[in-house]
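Visitor: For reference, the chains in residue letters:
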Amino acid sequence: MLKQICLCLLLTASATAWAVDLPEFQLTIKDQKFEPTQLTVPANTKFKLRVTNTDNTPSEFESNEFNREKIVLPNSTITVFIGPLDKGSYKFFDDFHQDTGKGVLVVE
Amino acid sequence: MFGVALLVFREVLEAALIVTIVAAATRGVVGRARFIGGGIGLGVVGAIVVALFAGVIEEAVGGSGQELFNACVLLAAVLMIGWHVIWMSSHGRELAQQMQSVGHAVKAGSSSLAMLLAVVALAVLREGSEIVLFLYGMAAGGAGRADMLLGLPLGIAGGTAVGFALYFGLLRIPLRHFFTATNWMLVLLAAGLASSAARFLIQANWLPAWDNQVWNTSALLDNGSVVGQALHILIGYEARPAGMQIAFWLATAVLLVLGMRWMTRGHVASRAAATAAPHATA
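Chains as they are written, first to last, in the numbering used here: chain X, 1 to 108; chain U, 1 to 282.
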């Protein structure tokens with residue numbers, strides 16, 4: 001049991017340490033729209049994306065093009081790790097508000 | 001209304017396909033309707049609980065709770081499907097023979113049935129919690145009540161209908177190949193779920209991606225399309241898979257196939273021994 005706890009702590013620690021050096025980017029969901037709708041990130045680099053939902057309704061940050069999916073509860077922030085990606089543009093959307101919640105990740 | 005119906009349809013479809021494969025795999029088993037119904041019921045209750053505690057789950061593991069929760073649910077389902085598949089590979093033939101000779105329901109091992117009940121419950125729980133959150137958002141956002149009251153049943157009916165269509169399609173497989181077919185479907189299902197679990201662990205930065213996009217077949221079949229989504233569940237189709245996902249898929253498929261082979265061989269050998277020396281086994 002103790003061994004498992006240690007291993008778990010170690011894993012968490014290493015995951016956190018690993019994440020520290022990564023560049024961070026920010027998206028905001030407001031009135032069920034993304035701000036900004038176009039986000040530029042560096043190519044061939046893993047990065048951390050924070051998505052803050054300022055609405056009173058839940059959203060789901062999703063992309064089939066860079067393969068991510070995460071629910072963003074009302075008035076809260078999530079973190080997803082993305083990349084390294086090749087140059088190009090990758091669409092993302094709000095699965096719960098597909099009419100309004102659209103955006104593009106420009107990787108260059 | 002169609003927005004609500006479409007989202008509900010997509011989530012229900014994913015769960016319905018899993019329930020359908022389980023229903024087919026337990027064909028002819030006594031009490032399976034109760035098991036599957038119970039699994040769905042437990043899943044619905046679980047979905048509401050998960051949606052209520054979504055914030056707590058997310059905060060629990062340093063902002064990666066959602067990913068770890070999903071990965072654990074998926075991997076638990078993989079283990080349970082694996083257990084059933086390996087168990088069936090030694091009992092499936094008997095099951096088919098009993099069904100042919102007696103022409104009605106047979107008794108199956110209850111541990112194996114309980115595993116499948118859990119698989120059904122987990123599938124409904126995972127997809128259902130998204131529906132609950134989505135509908136909560138619609139209600140909080142002041143969406144028309146008519147939209148929700150019409151969209152929800154329409155989406156559920158649509159997703160369930162596809163499940164039934166698949167089920168009746170599967171029933172056309174001749175009985176002597178039936179459980180071989182459903183067993184292979186379970187293997188592919190489990191491999192696909194394992195690949196999805198890997199994706200969540202990559203997203204949480206708990207696993208390296210081993211190349212984020214090993215290939216890209218999205219021009220051919222996109223995961224956003226309904227067919228792409230159905231194949232995503234049935235065989236783990238991914239238009240842009242990460243290397244780690246492929247590794248998880250292959251590892252699951254290979255382990256299950258080896259397990260099946262090993263069990264079948266052991267079973268055939270013990271039966272051959274039993275026929276050769278009937279007194280020895282009595």
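What the hints contain is simulated information worked out from the structure, not anything from laboratory work. We put the CB at the ideal spot given by N, CA and C, even for glycine. A portion of the hints provided could be inaccurate.
[To be verified] Simulated coverage check for chain X against chain U, where a stretch passes if three residues somewhere in it have a Cβ under 8 Å from a Cβ of chain U:
hint	stretch
1	33–44
2	62–76
3	84–91
Visitor: Check whether three or more residues of the stretch 33–44 of chain X sit with their beta carbon closer than 8 Å to a beta carbon of chain U.
Guide: violated (count 0)
Visitor: With a C-beta cutoff of 8 Å, work out whether three or more residues of the stretch 62–76 of chain X approach chain U closely enough for the coverage to hold.
Guide: Since three or more residues must qualify, the claim that chain U covers the stretch 62–76 of chain X holds, with 11 doing so at under 8 Å.
Visitor: Go check the stretch 84–91 of chain X versus chain U for me, would you? Three or more residues, Cβ under 8 Å, otherwise it fails.
Guide: The restraint on the stretch 84–91 of chain X holds, since 3 of its residues have a Cβ under 8 Å from chain U and three suffice.
Checked against the numbered hints above, the structure breaks only hint 1 and satisfies the rest.
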